[in-house]
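Going down the list, the sequences are from chains D and W.
For reference, each letter of the first sequence is one residue, going 1 to 115 in the numbering used here.
For reference, each letter of the second sequence is one residue, going 1 to 115 in the numbering used here.
Any given hint could be a false lead.
Computed list of lysine-lysine pairs in DSSO-like fashion (alpha-carbon distance at most 30 Å, straight line) [unchecked claim]: (1) K24/D with K69/W; (2) K49/W with K102/W; (3) K68/D with K24/D; (4) K102/W with K24/D; (5) K102/W with K69/W; (6) K68/D with K69/W; (7) K78/D with K68/D; (8) K102/W with K58/W; (9) K78/D with K24/D; (10) K69/W with K58/W; (11) K69/W with K49/W; (12) K78/D with K102/W.
Note that these hints are calculated values from the structure, not bench results.
Given the structure is predicted, the values throughout are model-derived calculations rather than measurements.
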Amino acid sequence: DAGVIQSPRHEVTEMGQEVTLRCKPISGHNSLFWYRQTMMRGLELLIYFNNNVPIDDSGMPEDRFSAKMPNASFSTLKIQPSEPRDSAVYFCASSLRTSGPYEQYFGPGTRLTVT
Amino acid sequence: AQSVTQLDSQVPVFEEAPVELRCNYSSSVSVYLFWYVQYPNQGLQLLLKYLSGSTLVKGINGFEAEFNKSQTSFHLRKPSVHISDTAEYFCAVNWRDQGAQKLVFGQGTRLTINP
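Kindly generate the complete structure, drawing on both the sequences and the hints.
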């Protein structure tokens, strides 16, 4: 039973380059979340989708960040252009939205380093 | 703004000793409460959750937590820890008036078990 899959696991890029992070949620889950984890700010929710529709993107730091979910089994988080302060671990999580609070299942994360 | 505070950033304990990891949140408005664990280089995994009912909830790996509404706390406990419990632990809160999906995480507590 595959969990949430994220790729790549590690990404090193130079400032100014475009970065695309990918996520495949658990099959059958209909909610998807993107988080960023840093030492300074901890774990922050960037954006989440229900049924492929963005519901809340208030955590997206600025216009350089964008996220898409073209179908139920794939999502991307893009940073263009990247900056050193974007260095962090980015997690994708998915859940089955029925009613009440929903357990979120996390992927292994993508460690992004921008030099 | 609503917030989650984990009072200890690091907790070192000896193997087979008891441990308590503290979590307080900012508002007594109806909440759902969670504890997640993160092992090195992995995503977060749910340990336990409080939704309603008994204020003492039991989770995986022998952990339990107690919801205290008057103190707005949700402390995590284990009576006897093992080396394998070495990990980072995150408290998370969902305030019901913000919708059933948004989680706010604490800064995390790094639990180190010494032999």
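Results for each hint:
In summary, the hint linking K24/D to K69/W is not supported, as the alpha carbons are separated by about 37 Å, beyond the 30 Å threshold. Between the alpha carbons of K49/W and K102/W the distance comes to roughly 15 Å, so the proposed pair stays at or under 30 Å and holds. With a C-alpha separation of about 12 Å, the suggested pairing of K68/D with K24/D holds against the 30 Å cut-off. Simply put, K102/W and K24/D have alpha-carbon atoms about 20 Å apart, close enough for the 30 Å limit, and the pair holds.
Taken as a hint, the K102/W and K69/W pair is honoured in the structure, with Cα atoms around 20 Å apart against an allowance of 30 Å. Among the hinted pairs, K68/D with K69/W is inconsistent with the structure: their alpha-carbon atoms are about 39 Å apart, more than 30 Å. Of the pairs offered as hints, the one joining K78/D and K68/D holds, with about 8 Å between alpha carbons and a cut-off of 30 Å not exceeded. Annotation: proposed proximity of K102/W to K58/W holds, straight-line Cα distance about 23 Å (limit 30 Å).
As the CA atoms of K78/D and K24/D are separated by approximately 15 Å, the hinted pair is consistent with the 30 Å bound. With a C-alpha separation of about 17 Å, the suggested pairing of K69/W with K58/W holds against the 30 Å cut-off. In summary, the hint linking K69/W to K49/W is supported, as the alpha carbons are separated by about 15 Å, within the 30 Å threshold. Among the hinted pairs, K78/D with K102/W is consistent with the structure: their alpha-carbon atoms are about 22 Å apart, no more than 30 Å.
Of the numbered hints listed earlier, those contradicted by the structure are 1, 6.
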